[in-house]
Amino acid sequence: MRSKPIFLSIFLLFLFAQQSFSQDKSSKISINVYGGYGFINTAGDYFTMNGDVQGTTTNSQGMSQTNSTKAYNRTKEDLGNGAHMGLGVSYALNKFIRIGIDADYLTGKKNTSLNIPADTLTGAFNSTHSVLSIIPNISFRLLGSSKYHIYNTIGIVEAVKTKFDYSYVASKEEATTVSTDKYKYGLNTGFKDALGIQFGITKNVEVFAELSGYFLSASPTSKNEVLNYSSVTNGVTSNQVVNRNISYSNSGSFNYQQSTTSGNPTVVNVSYNDEAPHQHFYSVGLNAGIRVSLPY
Amino acid sequence: MKIKIILPIILLGILTASASFAQEKQPLFYFKAYAGYGLLTPGSDGPYPTSVMGVENGATGTYSYSKKGMGAGFNDGFGIEKPIGKIFSIGLDVNFLHGKALTSSYTVNPPPSENINWISYAGSTTCSITSFIPNVSANVFQKHGYSVYTRLGIIIASKINHQNTENYMIQSTGTIPITENLVHVSKYGTELGLNIGAGTRFNLWGPLKGTVEISDNLLSASPQSMHESGVITEAYRVYVDNYVTYLKSNSGVTTSSSTAVANDNGGGSVTASNTAPSLTLHMNSIVVSVGLAFAIR
Numbered sequence: 001m002r003s004k005p006i007f008l009s010i011f012l013l014f015l016f017a018q019q020s021f022s023q024d025k026s027s028k029i030s031i032n033v034y035g036g037y038g039f040i041n042t043a044g045d046y047f048t049m050n051g052d053v054q055g056t057t058t059n060s061q062g063m064s065q066t067n068s069t070k071a072y073n074r075t076k077e078d079l080g081n082g083a084h085m086g087l088g089v090s091y092a093l094n095k096f097i098r099i100g101i102d103a104d105y106l107t108g109k110k111n112t113s114l115n116i117p118a119d120t121l122t123g124a125f126n127s128t129h130s131v132l133s134i135i136p137n138i139s140f141r142l143l144g145s146s147k148y149h150i151y152n153t154i155g156i157v158e159a160v161k162t163k164f165d166y167s168y169v170a171s172k173e174e175a176t177t178v179s180t181d182k183y184k185y186g187l188n189t190g191f192k193d194a195l196g197i198q199f200g201i202t203k204n205v206e207v208f209a210e211l212s213g214y215f216l217s218a219s220p221t222s223k224n225e226v227l228n229y230s231s232v233t234n235g236v237t238s239n240q241v242v243n244r245n246i247s248y249s250n251s252g253s254f255n256y257q258q259s260t261t262s263g264n265p266t267v268v269n270v271s272y273n274d275e276a277p278h279q280h281f282y283s284v285g286l287n288a289g290i291r292v293s294l295p296y
Numbered sequence: 001m002k003i004k005i006i007l008p009i010i011l012l013g014i015l016t017a018s019a020s021f022a023q024e025k026q027p028l029f030y031f032k033a034y035a036g037y038g039l040l041t042p043g044s045d046g047p048y049p050t051s052v053m054g055v056e057n058g059a060t061g062t063y064s065y066s067k068k069g070m071g072a073g074f075n076d077g078f079g080i081e082k083p084i085g086k087i088f089s090i091g092l093d094v095n096f097l098h099g100k101a102l103t104s105s106y107t108v109n110p111p112p113s114e115n116i117n118w119i120s121y122a123g124s125t126t127c128s129i130t131s132f133i134p135n136v137s138a139n140v141f142q143k144h145g146y147s148v149y150t151r152l153g154i155i156i157a158s159k160i161n162h163q164n165t166e167n168y169m170i171q172s173t174g175t176i177p178i179t180e181n182l183v184h185v186s187k188y189g190t191e192l193g194l195n196i197g198a199g200t201r202f203n204l205w206g207p208l209k210g211t212v213e214i215s216d217n218l219l220s221a222s223p224q225s226m227h228e229s230g231v232i233t234e235a236y237r238v239y240v241d242n243y244v245t246y247l248k249s250n251s252g253v254t255t256s257s258s259t260a261v262a263n264d265n266g267g268g269s270v271t272a273s274n275t276a277p278s279l280t281l282h283m284n285s286i287v288v289s290v291g292l293a294f295a296i297r
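Those sequence lines, one after another, are chains A and B. Counting in my numbering, the first sequence runs from 1 upward without gaps. Counting in my numbering, the second sequence runs from 1 upward without gaps.
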């Protein structure tokens with residue numbers, strides 16, 4: 001997590017707070033900054049790398065018996081796990097209800113070096129993801145005193161910029177496959193719920209800590225995949241590059257298009273339409289922050 | 001969803017509720033009944049074909065996949081609620097989701113060189129869930145005659161009936177079509193999820209109250225096993241009986257064992273027993289419901 005922007009934001013908040021110390025009237029508008037970490041997997045998506053099938057088949061008198069095994073390895077970090085930071089503004093409708101809007105940035109935890117054990121195929125999987133979201137929200141003051149209170153915040157996560165890329169490298173004997181995949185997204189909507197406690201530090205400055213759930217289901221609009229195959233046969237290396245562009249929609253024509261340019265590498269361009277996958281950026285974690293009431 | 005996540009939330013709610021014990025007199029209990037509909041299913045899974053066949057250069061075709069996922073459909077249920085002071089209540093609901101049948105399909109016309117006229121797929125998914133939902137409600141706004149509340153609960157899905165069908169047909173030039181009709185029945189253990197709601201309760205008559213609520217149900221479930229059965233038909237019939245047990249481990253080795261027995265008609269049977277990495281299915285829904293609550297004083 002980058003510390004400079006957070007320290008700067010906190011400093012500016014205190015400056016605002018200093019200016020508002022002398023106000024007597026109850027302020028309705030406040031701004032807040034927070035940081036946190038979503039560390040508990042709650043059914044976010046993961047990826048599985050599969051090895052090759054190793055098996056035997058026996059035939060006798062009209063009966064065929066097949067036994068096989070296949071190694072697999074799964075990513076350890078789900079989509080949605082990672083650091084959150086954000087800032088927001090809110091307005092108190094009354095003593096108990098506050099409406100607000102936050103800008104939240106999720107820096108997803110990276111997945112790296114996922115190897116397949118016990119297999120002739122060796123490989124690695126790497127992925128990165130991030131989500132910038134706008135979260136209109138409503139907070140309810142549940143219980144408390146003049147110095148602290150417990151609150152529940154419900155928000156609609158509107159993901160305005162989602163990024164998810166992954167790459168895959170697999171080698172077996174003299175053949176290597178390198179795949180790079182990048183998704184593109186439009187707007188996607190999710191849900192946030194937090195239960196927290198807020199303490200007053202001064203008249204206009206409060207700190208809060210909350211248990212926060214972030215549940216975003218996103219469907220990409222398209223994916224670009226570049227596959228590089230290389231293999232060595234009798235000392236000669238041959239290469240093939242496949243550029244695959246997939247547009248996602250719920251229904252329509254497959255509209256499969258393919259063109260091939262021979263050479264070394266042979267270049268294959270493919271495009272088609274398909275059903276969008278549902279990707280789940282889910283996590284539960286802890287956030288902490290500071291809220292400063294403005295003199296308005 | 002893991003119970004470790006949700007229990008602290010409920011525990012905190014109950015602990016903080018104890019502070020408000022001495023508030024004004026509330027009913028001893030409410031008995032509730034409600035009905036609603038899962039209108040939206042954000043991120044839920046629906047019927048998808050195991051394979052899309054024949055999509056290649058020169059092919060044409062169309063597809064239409066279900067816009068809604070598991071979690072859509074009619075909900076009803078009943079429950080009991082115990083007010084604890086002026087703000088908080090604890091309760092237990094029993095909810096029945098009568099899942100809507102979801103359908104998807106595609107048709108592909110492969111290029112002429114394949115000698116296949118068309119390939120079609122029609123699939124469906126049904127999912128019904130019985131769940132217990134212990135919950136904590138908080139009145140966030142009260143006026144004479146009505147109140148506004150939020151609700152936080154744990155979904156304990158004790159019974160999930162989930163079935164998929166997949167029907168494929170391949171019509172080649174001058175031959176009898178090949179059909180493949182498969183039924184997948186998944187078995188689940190008890191699964192946990194999160195229920196978050198907001199609503200209003202208003203006076204109707206004497207001890208009878210009305211409620212209108214919108215709730216978000218987040219339920220992700222991993223089947224323990226799946227049984228695939230069906231038949232592949234051409235001029236012969238091949239019966240399929242396939243058991244899959246899902247492995248919870250993040251890494252490992254899956255096994256597959258199958259026996260194919262031929263009969264005199266060119267058909268026969270395939271019996272298989274497999275293990276596979278576990279998968280997670282999402283059964284989310286946003287439900288709008290109306291109900292009645294009867295106050296016992």
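Just so you know, these hints were derived from the structure itself, not from any lab. Hints may contain errors.
[Stated by the list, open to error] Away from chain B, derived, C-beta distances all over 12 Å, residues of chain A:
1) 62
2) 70
3) 296
[What the hints assert, rightly or not] Computed, partial: chain A to chain B, Cβ under 8 Å:
4) 224
5) 226
6) 228
7) 247
[As the list claims (entries may be wrong)] Chain A is nowhere near these chain B residues, computed Cβ spacing over 10 Å in every case:
8) 33
9) 37
10) 45
11) 48
12) 62
13) 67
14) 88
15) 115
16) 182
17) 225
18) 259
19) 262
20) 268
21) 290
Beta carbons are placed, not taken as given, at the ideal position from N, Cα and C, and that holds for glycine.
**OP:** Evaluate the condition: distance from the CB of residue 48 of chain B to the nearest CB of chain A exceeds 10 Å.
**Re:** violated, 7 Å
When the least beta-carbon distance from residue 224 of chain A to chain B is tested against 8 Å, hint result: violated, 18 Å
### Message
If I take the minimum Cβ distance from residue 290 of chain B to any residue of chain A, is it greater than 10 Å?
### Response
At roughly 20 Å from the nearest Cβ of chain A, residue 290 of chain B sits farther out than 10 Å, so the non-interface label holds.
Interface exclusion of residue 115 of chain B relative to chain A, criterion Cβ beyond 10 Å: At about 18 Å from chain A, residue 115 of chain B clears the 10 Å cut-off, so the statement holds.
Q) Would residue 62 of chain A pass as off the interface with chain B, using Cβ distances and a cut of 12 Å? A) violated, 4 Å
Query raised in the report: Holds or violated: is the Cβ of residue 226 of chain A closer than 8 Å to a Cβ in chain B?
Result: violated, 19 Å
Exercise. Determine whether the non-interface label on residue 88 of chain B survives the test: each CB of chain A must be over 10 Å from its CB.
Key: Residue 88 of chain B not clear of chain A: closest Cβ-Cβ about 8 Å, inside 10 Å.
Please settle this one: residue 62 of chain B was flagged as non-interface, so is its CB more than 10 Å from every CB on chain A?
violated, 5 Å
*Per the CB criterion, is residue 247 of chain A less than 8 Å away from chain B?*
violated, 13 Å
Exercise for the section: Measuring Cβ to Cβ, find out whether residue 45 of chain B lies farther than 10 Å from everything in chain A. Expected result: Residue 45 of chain B not clear of chain A: closest Cβ-Cβ about 7 Å, inside 10 Å.
Taking C-beta pairs only, is residue 225 of chain B more than 10 Å away from all of chain A?
The claim holds: residue 225 of chain B sits with its nearest Cβ about 18 Å from chain A, beyond 10 Å.
task: Against chain A, does residue 67 of chain B hold up as non-interface, every C-beta pair farther apart than 10 Å?
output: Its Cβ does come within 10 Å of chain A, the nearest being 6 Å, so this is violated.
This entry does not satisfy hints 1, 2, 4, 5, 6, 7, 10, 11, 12, 13, 14, 18, 19, 20, going by the numbered hints stated previously.
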